[in-house]
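Per the numbering used here, the sequence shown starts with residue 49, numbered consecutively.
Hints should not be assumed to be uniformly reliable.
[As the list claims (entries may be wrong)] Keeping only pairs whose Cα atoms sit at most 20 Å apart, straight-line, the calculated SDA-like set for lysine to any residue is:
{"hint": "1", "residue 1": "Lys311", "residue 2": "Val396"}
{"hint": "2", "residue 1": "Lys311", "residue 2": "Val345"}
{"hint": "3", "residue 1": "Lys311", "residue 2": "Gly406"}
{"hint": "4", "residue 1": "Lys311", "residue 2": "Ile400"}
{"hint": "5", "residue 1": "Lys311", "residue 2": "Arg336"}
{"hint": "6", "residue 1": "Lys311", "residue 2": "Glu244"}
{"hint": "7", "residue 1": "Lys61", "residue 2": "Gly72"}
{"hint": "8", "residue 1": "Lys311", "residue 2": "Glu342"}
{"hint": "9", "residue 1": "Lys102", "residue 2": "Ser278"}
{"hint": "10", "residue 1": "Lys311", "residue 2": "Thr413"}
{"hint": "11", "residue 1": "Lys61", "residue 2": "Glu77"}
{"hint": "12", "residue 1": "Lys311", "residue 2": "Tyr349"}
{"hint": "13", "residue 1": "Lys311", "residue 2": "Tyr248"}
{"hint": "14", "residue 1": "Lys61", "residue 2": "Val290"}
{"hint": "15", "residue 1": "Lys311", "residue 2": "His407"}
{"hint": "16", "residue 1": "Lys102", "residue 2": "His284"}
{"hint": "17", "residue 1": "Lys61", "residue 2": "Ala75"}
{"hint": "18", "residue 1": "Lys102", "residue 2": "Arg336"}
{"hint": "19", "residue 1": "Lys311", "residue 2": "His285"}
{"hint": "20", "residue 1": "Lys311", "residue 2": "Ser411"}
{"hint": "21", "residue 1": "Lys61", "residue 2": "Arg94"}
{"hint": "22", "residue 1": "Lys102", "residue 2": "His285"}
{"hint": "23", "residue 1": "Lys102", "residue 2": "Thr273"}
{"hint": "24", "residue 1": "Lys102", "residue 2": "Ala275"}
{"hint": "25", "residue 1": "Lys311", "residue 2": "Pro335"}
{"hint": "26", "residue 1": "Lys102", "residue 2": "Ser88"}
{"hint": "27", "residue 1": "Lys311", "residue 2": "Ser278"}
{"hint": "28", "residue 1": "Lys102", "residue 2": "Lys61"}
{"hint": "29", "residue 1": "Lys311", "residue 2": "Ala246"}
{"hint": "30", "residue 1": "Lys311", "residue 2": "Thr273"}
{"hint": "31", "residue 1": "Lys311", "residue 2": "Thr408"}
{"hint": "32", "residue 1": "Lys311", "residue 2": "His245"}
{"hint": "33", "residue 1": "Lys311", "residue 2": "Phe340"}
{"hint": "34", "residue 1": "Lys311", "residue 2": "Ala409"}
{"hint": "35", "residue 1": "Lys102", "residue 2": "Pro268"}
{"hint": "36", "residue 1": "Lys102", "residue 2": "Val271"}
{"hint": "37", "residue 1": "Lys102", "residue 2": "Ala246"}
{"hint": "38", "residue 1": "Lys61", "residue 2": "Glu82"}
{"hint": "39", "residue 1": "Lys102", "residue 2": "Val269"}
{"hint": "40", "residue 1": "Lys311", "residue 2": "His284"}
Simulated from the structure, these hints should not be mistaken for laboratory data.
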Amino acid sequence: MPYYRVVGEIPRKRHVQFRRPDGGLYAEELMGEEGFSSHSSLLYHRHAPTAILKSEEMPEGAGEGPLEPNHPLRPRAYRTQDLPVGGDLLLGRQLLAGNEDVRISFAAVDPASGPGELYRNSVGDEVVYVQTGAARLESTYGALEVTSGDYVVIPTGTIHRWVPTGEETLRALVIEARGHVRPPRRYLSQYGQFLEHAPYSERDLRAPTEPLLADGEEVPVIVRTRAGLSRLTYLHHPFDVVGWDGYLYPYAFNIADFEPVVKSIHAPPPVHQTFEGPNFVICSFCPRPLDFHEQAVPIPYNHHNVDSDELMFYVGGDYSARRGTGIGIGSISLHPAGFTHGPAPGAVEAVIEAMRAGHTATSETAVMVDTFRPLLLGPAAARCEDPEYAWSWARLS
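With the sequences and hints as input, model every part of the structure.
Okay, structure coming up:
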């Protein structure tokens with residue numbers, strides 16, 4: 049993260065004696081990225097975070113499976129609302145797409161299901177976009193309440209679990225990176241402060257504010273490595289951190305706090321970029337004033353990003369460019385490299401007429417993931433695909 053936080057009790061100096069009330073030493077844990085040459089945080093545990101009792105191999109979640117090429121090549125659309133509700137926000141993930149850099153899944157969790165299992169992803173950072181419902185992210189850094197519209201960024205190696213709250217089904221898009229996810233470099237000064245032209249700032253980010261202390265012994269934690277899933281049993285509960293400080297921690301950012309760029313003529317997708325990961329970006333399309341040039345075409349033009357596959361998750365409002373194609377709230381479109389995509393036939397004229405009638409703003413909200421290697425298709429994609437989407441441009445012409 050680009051700025052420093054302190055939570056709970058810490059000593060005045062790093063790596064000095066810091067004693068518990070009973071006179072024993074707290075155990076330090078330095079969480080650091082890139083060989084301790086990038087962001088890090090220093091956590092103080094009541095017990096040694098290294099004490100494990102056993103390690104067991106475990107199978108992948110029920111929603112996992114092989115990834116298959118998008119062949120023969122075609123644009124695709126999926127209805128996540130048709131995927132079953134079940135499992136937690138870890139083992140209930142239903143794999144939609146992935147490649148060497150990123151895995152994209154969808155989870156639909158019954159809020160009555162209770163807390164999920166403790167989990168540590170040691171492959172890369174995770175970004176969870178909460179479409180509906182509410183939850184509490186509990187971690188070694190503390191607790192974080194999240195709700196619909198929140199992006200939740202969880203650093204590599206963070207032990208955490210998801211606890212559904214409220215009464216609405218918890219639906220979420222899960223983006224698992226093979227590396228680290230950060231705000232785009234162009235939004236930050238050379239020292240990590242958000243610049244004035246950035247579409248969000250430090251004030252928009254939420255993070256844990258106090259320790260989350262839990263007792264317990266022989267506590268299982270699921271750990272993901274590139275070899276698969278293991279279950280480690282810890283001697284003591286990992287939520288025993290009395291304080292921490294640093295630049296590395298889970299945080300939430302609500303999509304409604306993204307400040308969209310407005311131009312007189314339609315702006316390209318990079319103005320919507322929110323995060324960057326290894327060989328992929330995440331963008332936020334938010335309600336905004338329509339382009340205001342007198343001859344503007346206030347809708348995306350036909351375009352072909354020759355280096356990217358584009359996956360778009362439609363989460364709110366009316367996405368006028370896709371009108372008549374079957375795309376609705378909860379839909380995902382996949383427009384691969386090798387295919388030129390653009391507005392549905394008739395959409396351009398409809399928006400121009402709406403402007404003449406006094407319509408001045410868009411209402412859509414969407415999350416986009418652009419990858420720089422082709423996306424392979426997961427088993428959940430086959431279960432909720434709209435087989436007619438690819439032909440919608442011809443059907444509507």
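Hints and how they fare:
The hinted pair formed by Lys311 and Val396 meets the criterion: a straight-line CA distance of about 18 Å does not exceed 20 Å. Between Lys311 and Val345 the CA atoms are separated by roughly 12 Å; this keeps the pair inside 20 Å, and the hint holds. Proposed proximity of Lys311 and Gly406 is supported: the alpha carbons are some 18 Å apart, at most 20 Å. Proximity of Lys311 to Ile400 is assessed by CA-CA distance (about 16 Å); at most 20 Å being required, the pair is judged to hold.
About 10 Å separates the Cα atoms of Lys311 and Arg336, which keeps this hinted pair within 20 Å; it holds. As the CA atoms of Lys311 and Glu244 are separated by approximately 17 Å, the hinted pair is consistent with the 20 Å bound. With a C-alpha separation of about 18 Å, the suggested pair Lys61 and Gly72 falls inside the 20 Å cut-off, and the hint holds. Only pairs whose Cα atoms come within 20 Å are accepted, and Lys311 paired with Glu342 is accepted, the gap being roughly 12 Å.
A hinted pair counts as satisfied when its Cα atoms are at most 20 Å apart, and Lys102 with Ser278 qualifies at roughly 10 Å. The hinted pair formed by Lys311 and Thr413 meets the criterion: a straight-line CA distance of about 18 Å does not exceed 20 Å. In summary, the hint linking Lys61 to Glu77 is supported, as the alpha carbons are separated by about 15 Å, within the 20 Å threshold. The suggested pairing of Lys311 with Tyr349 holds, with an alpha-carbon distance near 15 Å, which does not exceed 20 Å.
Between the alpha carbons of Lys311 and Tyr248 the distance comes to roughly 18 Å, so the proposed pair stays at or under 20 Å and holds. Pair hint Lys61 plus Val290 holds up; C-alpha atoms about 16 Å apart against a cutoff of 20 Å. The straight-line distance between the Cα atoms of Lys311 and His407 is roughly 16 Å, inside the 20 Å bound, and the hint therefore holds. Proximity of Lys102 to His284 is assessed by CA-CA distance (about 13 Å); at most 20 Å being required, the pair is judged to hold.
Among the hinted pairs, Lys61 with Ala75 is consistent with the structure: their alpha-carbon atoms are about 15 Å apart, no more than 20 Å. A hinted pair counts as satisfied when its Cα atoms are at most 20 Å apart, and Lys102 with Arg336 does not qualify at roughly 53 Å. Pair hint Lys311 plus His285 does not hold up; C-alpha atoms about 52 Å apart against a cutoff of 20 Å. For the hint pairing Lys311 with Ser411, the CA-to-CA distance comes to about 17 Å; that is within 20 Å, so the pair holds.
A C-alpha spacing of about 18 Å is found between Lys61 and Arg94, which places the hinted pair at or below 20 Å, so the restraint holds. Under the criterion of a C-alpha separation no larger than 20 Å, the hint pairing Lys102 with His285 is consistent with the structure, at around 14 Å. In summary, the hint linking Lys102 to Thr273 is supported, as the alpha carbons are separated by about 17 Å, within the 20 Å threshold. With a C-alpha separation of about 18 Å, the suggested pairing of Lys102 with Ala275 holds against the 20 Å cut-off.
Restraint check for Lys311 and Pro335: the C-alpha separation of about 14 Å stays at or below 20 Å, so the hint holds. For the proposed pair Lys102 and Ser88, the alpha carbon gap of about 28 Å is over 20 Å, so the pair is violated. A threshold of 20 Å between alpha carbons decides the hint, and for Lys311 with Ser278 the separation of about 50 Å lies outside it, so the pair is violated. Note on Lys102 and Lys61: the hinted pairing is violated, with a Cα-Cα distance of about 35 Å set against a maximum of 20 Å.
Simply put, Lys311 and Ala246 have alpha-carbon atoms about 15 Å apart, close enough for the 20 Å limit, and the pair holds. Restraint check for Lys311 and Thr273: not satisfied, since their Cα atoms lie roughly 44 Å apart, outside the 20 Å limit. Restraint check: the Cα-Cα separation between Lys311 and Thr408 comes to about 13 Å, which is no more than 20 Å; the hinted pair holds. Taking the CA atoms of Lys311 and His245, the gap is near 14 Å; set against the 20 Å cutoff, the hint holds.
For the hint pairing Lys311 with Phe340, the CA-to-CA distance comes to about 7 Å; that is within 20 Å, so the pair holds. Simply put, Lys311 and Ala409 have alpha-carbon atoms about 13 Å apart, close enough for the 20 Å limit, and the pair holds. Restraint check: the Cα-Cα separation between Lys102 and Pro268 comes to about 9 Å, which is no more than 20 Å; the hinted pair holds. For the proposed pair Lys102 and Val271, the alpha carbon gap of about 13 Å is at most 20 Å, so the pair holds.
For the given pair, Lys102 sits about 47 Å from Ala246 by alpha-carbon distance, which is inconsistent with the 20 Å threshold. For a cut-off of 20 Å, the pair hint linking Lys61 to Glu82 is broken: about 23 Å separates their Cα positions. A C-alpha spacing of about 11 Å is found between Lys102 and Val269, which places the hinted pair at or below 20 Å, so the restraint holds. For a cut-off of 20 Å, the pair hint linking Lys311 to His284 is broken: about 55 Å separates their Cα positions.
Checked against the numbered hints given earlier, this structure breaks hints 18, 19, 26, 27, 28, 30, 37, 38, 40; the rest are met.
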